[in-house]
Amino acid sequence: MKNIGLALKKIKWKHYVNYVIVLAALIVLLIAGASGGLKASTNELVLKIAISIVLAVSLSIVVGFLGELSLGHAGFMCVGAYIGGKVAVVISEKLGGGIVTFLISLIVGGLCAAVCGFVIGLPALRLRGDYLAIVTLAFGEIVKVIFQQSKAFGANLGFDTLRYDKSFRQNFYIIALILVLVTLAVTQNMIRSKHGRAITAIRDNEIAARASGVDVTKYKLIAFVVSAFFAGIAGVMFACTFSTVQAPKFGYNYSIEILVMVVLGGMGNITGTILSASLITFLNVKLSTVLTGDLAVVKDLVYALILVLIVIYTNAPAFKTFREKHNLKAFTLRIFKPKKDPSRIRDDEAKWSNIPTKINMDELLTVDLKVQESVQSPDKGGKNK
Amino acid sequence: MDILSILINGLNVGVIYAMIALGYTMVYGIAKMLNFAHGDIIMVGGYAIYVFCAMSGSLPMFFGAILISVVVCTLLGITVEKVAYRPLRGASPLAVLITAIGVSYLLQSLAQIIFKSAPKRVAVPDLGKIMIGELGIKVSTLITLAVSVAVMIALSCFIRYNKIGRAMLAVSEDRGAAELMGVNVNKIITITFAIGSALAALAGLFYLLQSPYMTTTFGAMPGIKAFTAAVIGGIGSIPGAMVGSIVLGIIEAVCDAIPAVAPYKDAVEFSILIVILLVRPTGLLGKKRREKV
Amino acid sequence: MSDYVLETVDLGISFGGLKAAQGINLKIKKNEIYGLIGPNGAGKTTVFNMLTGVYQPTTGEFYLSGEKLNGASQESINKKGIARTFQNIRLFNNMTVVRNVMVGLHNRPEYRCGFFTSVFRLPRHFKVEKQMRKKAKELLDIFGLLDDRNNLACNLPYGKQRKLEIARALATDPKLLLLDEPAAGMNPQETAELVETIRFVRDRFDMTILLIEHDMSLVSSICERLTVLNFGTVLAEGETAEVLKDPEVIRAYLGDDE
Amino acid sequence: MKNLAKKIISAVMAITMIAVACVAFSSCSDAKKNYAANNTEFYIGASGPLTGGAAVYGMAVKNSAEMAVEEINAAGGINGVKIKFVMMDDKHDASNVSTNYATMYEAGMQISLGCVTTAPCKEWKTLSYEDGLFFITPSASADIVVEYDNAFQMCFADENQGTTAANYVNENVSETKIGVLYKSDDAYSTGIFNKFKSTLSSSKTLVEASFSGETVASFATQISQLKDCKFIFMPIYYGPAAQFMDEAKNDVAPDAIYYGCDGLDGIDTSVEGFDISTIPQEVSYLSHFNSQATDGAAKTFIDKYVSKYGKETLNQFGASAYDCIYAIKAAIEAAGNKIGVTSSPSEIGDVLKGIFGGGFTFSGVTGDSITWNKNGFVNKSAIKYIVKEKNS
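Chains as they are written, first to last, in numbering that gives the first Met the number 0: chain A, 0 to 384; chain B, 0 to 292; chain C, 0 to 257; chain D, 0 to 391.
No lab work stands behind these hints, which were simulated from the structure alone. Any given hint could turn out to be false.
As the list claims (entries may be wrong) - Capping the alpha-carbon separation at 25 Å, the derived lysine to any residue pairs in SDA-like fashion look like this:
{"no.": "1", "chain 1": "D", "residue 1": "LYS229", "chain 2": "B", "residue 2": "ALA266"}
{"no.": "2", "chain 1": "D", "residue 1": "LYS383", "chain 2": "D", "residue 2": "TYR128"}
{"no.": "3", "chain 1": "A", "residue 1": "LYS319", "chain 2": "C", "residue 2": "ASN150"}
{"no.": "4", "chain 1": "A", "residue 1": "LYS150", "chain 2": "B", "residue 2": "ILE257"}
{"no.": "5", "chain 1": "A", "residue 1": "LYS217", "chain 2": "C", "residue 2": "ASN150"}
{"no.": "6", "chain 1": "C", "residue 1": "LYS29", "chain 2": "C", "residue 2": "ALA71"}
Unchecked claim - Partial selection, computed: residues in chain D whose CB lies under 10 Å from chain B:
{"no.": "7", "residue": "LEU49"}
{"no.": "8", "residue": "ASN72"}
{"no.": "9", "residue": "GLU207"}
{"no.": "10", "residue": "SER209"}
{"no.": "11", "residue": "PHE218"}
{"no.": "12", "residue": "TYR237"}
{"no.": "13", "residue": "ASP250"}
{"no.": "14", "residue": "ASP254"}
{"no.": "15", "residue": "PHE273"}
{"no.": "16", "residue": "THR312"}
To be verified - Chain D is nowhere near these chain B residues, computed Cβ spacing over 10 Å in every case:
{"no.": "17", "residue": "ILE15"}
{"no.": "18", "residue": "MET60"}
{"no.": "19", "residue": "SER91"}
{"no.": "20", "residue": "PRO118"}
{"no.": "21", "residue": "LEU144"}
{"no.": "22", "residue": "ALA149"}
{"no.": "23", "residue": "GLY181"}
{"no.": "24", "residue": "TYR212"}
{"no.": "25", "residue": "ALA252"}
{"no.": "26", "residue": "ILE271"}
The structure presented is a predicted model; accordingly, all values stated were derived computationally and were not measured. Idealized CB from N, CA, C, for every residue including glycine.
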């Protein structure tokens with residue numbers, strides 16, 4: 000008994016906090032569900048949040064950890080939703096509308112998205128910062144237009160997804176949350192391994208990473224592929240949640256909304272990403288259900304204001320000291336006050352927050368390699384002995 | 000339809016994109032941020048013209064309206080910069096990107112609250128068209144071309160020869176160094192936003208000259224297209240923005256002209272963009288930056 | 000030829016028309032501390048960049064213990080055994096000190112561990128991680144950085160950052176270590192310390208070291224041999240003492256006095 | 000120790016997973032709850048774009064429906080029961096519909112107008128079908144919308160508009176060169192266009208021009224494609240249509256004819272600042288509502304609407320929605336005591352679809368003696384309205 004207590008002390012809670020959050024949510028929902036079924040609207044909300052989390056976490060691999068800006072994440076989701084959704088419809092004739100069908104469509108959708116991720120990863124080897132950002136944006140728009148025009152997928156009307164068995168749909172939120180767990184597990188395990196270190200090394204200093212023998216090509220591609228794969232998964236979840244899939248949904252506005260979640264969560268901060276994804280999705284849904292009729296117009300206004308205020312509050316240098324005093328962490332610390340024991344600080348406890356991505360293009364700041372001048376006037380500038 | 004008129008349409012759209020892209024690229028080069036609200040400044044400019052033309056469609060009134068819309072946009076640009084972006088000076092560039100998005104939503108929803116959702120026709124005086132041989136060219140098109148070319152030249156001269164312009168260059172090269180050299184970075188950034196917004200107002204005007212219809216989402220797509228154009232040309236480079244925009248405009252016109260392709264217009268444009276960037280990773284005129292090792 | 004760890008044959012590069020470096024012939028023996036000096040812009044760092052694959056030499060070849068390496072990518076050159084530090088320190092600033100070193104270890108065959116092994120947390124992953132962390136701590140201990148292991152690299156004082164960079168370079172298990180102005184911006188004590196460290200590294204890892212340096216006291220105290228570059232060409236080379244006496248070299252540094 | 004810790008973690012995980020599994024496959028209990036059980040008024044729900052590019056259509060529906068409801072309530076409601084109408088915003092995005100639907104359903108929605116626009120209505124169609132909720136959409140015109148038996152349309156179905164238009168052209172238009180301007184990223188437009196194309200007789204040559212996106216910078220290209228056509232079919236909404244005609248007035252032959260579908264309705268009223276009399280060509284469309292009607296039910300509706308909301312959002316969407324509400328009223332009254340204020344959506348649904356599918360006739364703003372067939376398609380006279388004669 001005693002050593003269980005000790006063991007509990009030993010656990011690196013920091014590593015598990017995300018799972019704990021999701022599991023807690025899951026358990027609460029299960030209890031609610033067991034006692035007379037979840038309301039459809041709650042179910043709806045949970046699913047939307049789950050999808051957002053998967054999307055945001057997967058995007059954070061590229062933006063937060065690889066440090067490249069991607070404006071086309073919804074494109075990968077689009078691929079997943081269309082391909083996965085269609086596959087489900089097709090195979091359901093043989094396999095029925097149960098979990099088997101779902102899983103297969105899940106894998107197929109995910110893989111197709113992953114392939115696209117690979118394709119987009121290739122330019123990423125050549126392009127930096129905004130140039131890559133605009134390529135991802137372009138990719139998203141291209142995918143959107145192609146699916147929107149393809150007769151096979153019902154052109155502008157989109158196509159009706161498979162309606163799974165009622166029992167499956169009622170409990171889909173469970174599967175969705177499990178998928179969230181899986182996404183978290185894979186992402187975190189990847190990041191907290193030598194491979195993750197390689198990826199973050201590329202983010203921090205590509206040249207040094209190369210010089211330390213990091214295979215930049217390989218790891219950039221890995222990051223893009225994994226990220227796209229889970230975006231695809233989110234797409235299949237989307238296709239399973241809604242009864243129709245329509246391309247316009249996956250435009251750059253949606254990509255940007257996902258980016259907002261990642262940035263608000265704090266770049267490379269997975270817990271933060273989860274929370275902000277949930278918050279933003281919740282906010283959107285609540286606003287649109289509360290502000291009906293004539294009030295609907297105010298919705299975006301409120302949303303925009305909240306967005307701006309949050310960002311300014313959480314990022315403005317002016318509020319720094321205030322933030323450090325009153326933030327969630329400080330609050331929790333005040334409650335639990337863990338005894339400061341340096342030996343228990345873990346190696347992985349790097350501070351991830353607020354990592355600038357290459358959007359600020361260090362290239363732009365560093366000047367050209369001016370060999371010409373420097374050779375003609377050897378002693379010009381620089382430190383001298 | 001004949002190549003020449005396609006080209007003219009392309010040029011026309013192109014130079015308008017250029018007006019917007021210039022704003023994008025300058026703000027980017029100097030404030031190091033993507034101002035996603037830029038497109039909505041165009042929209043505001045459009046509505047400004049609409050409001051004042053609604054009073055009377057007379058030509059002098061129209062010129063008054065133009066002036067006012069430029070002023071309104073400039074002020075708006077400055078305010079937005081001061082209120083939303085300046086507090087984030089020194090924060091992660093992406094945080095600023097998000098506020099920009101927020102501001103864009105804000106402007107759009109405000110516009111919808113004020114002007115409602117129905118499309119508006121702005122009482123722009125019809126300038127007719129002149130025939131050059133076979134094809135007739137709208138006077139408005141000619142004006143658009145002339146004015147924007149003039150503006151671009153003026154802008155380039157301003158950047159090259161004026162003290163402030165050179166300060167802008169300095170800031171975009173290396174903000175820290177510029178600050179050390181006694182350049183007031185905040186002032187420069189404000190001026191940049193002012194110029195960018197003024198150009199956006201002009202872009203709005205040119206749109207209305209082509210076809211005087213307004214909705215609240217008026218600026219969204221042009222904004223993103225112009226951003227694309229700026230990147231094609233090489234973000235941060237002013238001539239690049241112009242070239243990129245004109246390239247994009249012409250591609251667009253050509254796509255429109257081929258019925259089979261028209262529905263895929265955006266896809267085609269963006270594919271070409273990707274190809275261009277793969278061939279020239281820093282855009283058409285973007286300076287090749289090599290990180291000093 | 001492989002009695003030399005590094006041998007460059009008529010190595011040269013030109014950007015456009017302009018020859019940034021040409022006719023560089025270095026012969027560095029095992030366990031040697033070799034200096035590469037010269038006025039600013041003489042092309043020293045350019046040579047480093049060629050040796051590490053940042054630039055592809057336009058003329059000549061270079062061999063690492065007999066193996067021709069030019070044309071190879073930076074990564075593979077590093078794997079082959081050339082590690083470097085940078086004039087302007089390049090650490091992984093948002094990672095802890097220990098992780099910086101672990102990135103260096105990342106390519107060593109004994110720590111090979113597949114992507115999915117890590118993702119699915121197979122036993123091997125834990126084993127490898129444990130070993131890597133152990134090894135990293137050893138290295139840090141050697142450089143006296145052990146207590147800082149959980150700080151972010153960017154929070155280290157300057158001197159320690161230099162050391163960390165060297166530690167990271169060594170972590171890649173190189174045959175040849177290139178140090179680009181290791182003493183830049185260091186005060187005399189730090190420099191003295193550095194001299195010790197470099198010697199120590201050479202003996203402890205029986206390393207071969209090629210270093211660029213402006214600080215003549217440092218150069219003269221540890222470099223066995225030197226090559227002096229000026230305007231991208233070799234001005235003089237040989238035993239440190241002789242080279243430093245060479246009037247050409249002095250002129251290159253102090254300019255003509257008339 | 001560490002291993003023990005890991006064991007604990009994994010144990011916790013395992014347990015929850017098992018719990019999950021159990022609950023997942025035990026709690027398939029679903030007795031559909033009647034959320035309307037303690038309604039005091041009939042709850043009519045709807046979803047439509049109240050913000051964003053398509054907002055004008057949503058607003059039209061919202062305004063008119065509310066207007067109808069106010070009138071009915073003022074007149075004592077349906078069999079003495081008042082009506083409550085709620086409309087939620089879906090931004091013309093299907094993925095917002097399910098939330099709106101669930102929220103309203105749980106608030107006691109019993110009858111609905113479905114969605115205003117086609118794409119979102121596909122989501123609504125499925126959801127409402129599963130709950131047996133009756134809906135009659137004022138303007139979601141794709142055929143697929145009424146695929147299930149609980150769904151009815153007040154507007155003409157796209158395909159049927161396409162066919163009618165094509166037949167009209169085949170019979171009454173002497174021109175052989177037929178121009179078409181359609182919006183390639185819009186379901187309504189492409190739906191009609193495709194049907195039109197396939198029904199058009201081979202003797203005609205079709206000149207296609209298309210555009211896309213929420214805003215069009217300039218129609219210059221499309222104009223130069225269509226300028227030689229004497230008859231231009233435009234299955235698009237009035238906004239872009241007005242823009243096109245305005246831009247093209249000097250290029251297209253003045254004796255040409257613009258011919259559209261119900262989407263064109265409102266072109267003369269709803270585009271602020273656009274004066275259709277400046278267009279030399281003839282502008283006509285096939286619709287069930289004429290926004291400049293000078294007599295009959297339409298006239299009274301228009302007067303009331305304009306005095307209440309102004310003519311900016313006056314169009315057939317609104318008229319159609321107005322009729323929907325009254326049709327529902329009539330049907331409920333016809334049902335008599337079969338429908339009570341607390342009866343569940345599915346009960347009401349069964350009765351109403353029986354009535355609408357069974358020869359029920361209704362006369363309103365958008366036509367007299369309107370009837371529906373079992374499939375939910377409306378059957379009423381489509382009239383060709385000439386909004387603007389060509390200048391002679």
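Quick rundown of the hints versus the structure:
| no. | hint | in the structure |
| --- | --- | --- |
| 1 | D/LYS229 with B/ALA266 | violated (32 Å) |
| 2 | D/LYS383 with D/TYR128 | violated (34 Å) |
| 3 | A/LYS319 with C/ASN150 | holds (21 Å) |
| 4 | A/LYS150 with B/ILE257 | holds (20 Å) |
| 5 | A/LYS217 with C/ASN150 | violated (28 Å) |
| 6 | C/LYS29 with C/ALA71 | holds (22 Å) |
| 7 | LEU49 | holds (8 Å) |
| 8 | ASN72 | violated (26 Å) |
| 9 | GLU207 | holds (4 Å) |
| 10 | SER209 | holds (5 Å) |
| 11 | PHE218 | holds (6 Å) |
| 12 | TYR237 | holds (8 Å) |
| 13 | ASP250 | holds (8 Å) |
| 14 | ASP254 | violated (19 Å) |
| 15 | PHE273 | holds (4 Å) |
| 16 | THR312 | holds (6 Å) |
| 17 | ILE15 | violated (7 Å) |
| 18 | MET60 | holds (14 Å) |
| 19 | SER91 | holds (30 Å) |
| 20 | PRO118 | violated (4 Å) |
| 21 | LEU144 | holds (14 Å) |
| 22 | ALA149 | holds (21 Å) |
| 23 | GLY181 | holds (43 Å) |
| 24 | TYR212 | violated (4 Å) |
| 25 | ALA252 | violated (6 Å) |
| 26 | ILE271 | holds (17 Å) |
In terms of the numbered hints stated before, the structure departs from hints 1, 2, 5, 8, 14, 17, 20, 24, 25, listed from lowest to highest.
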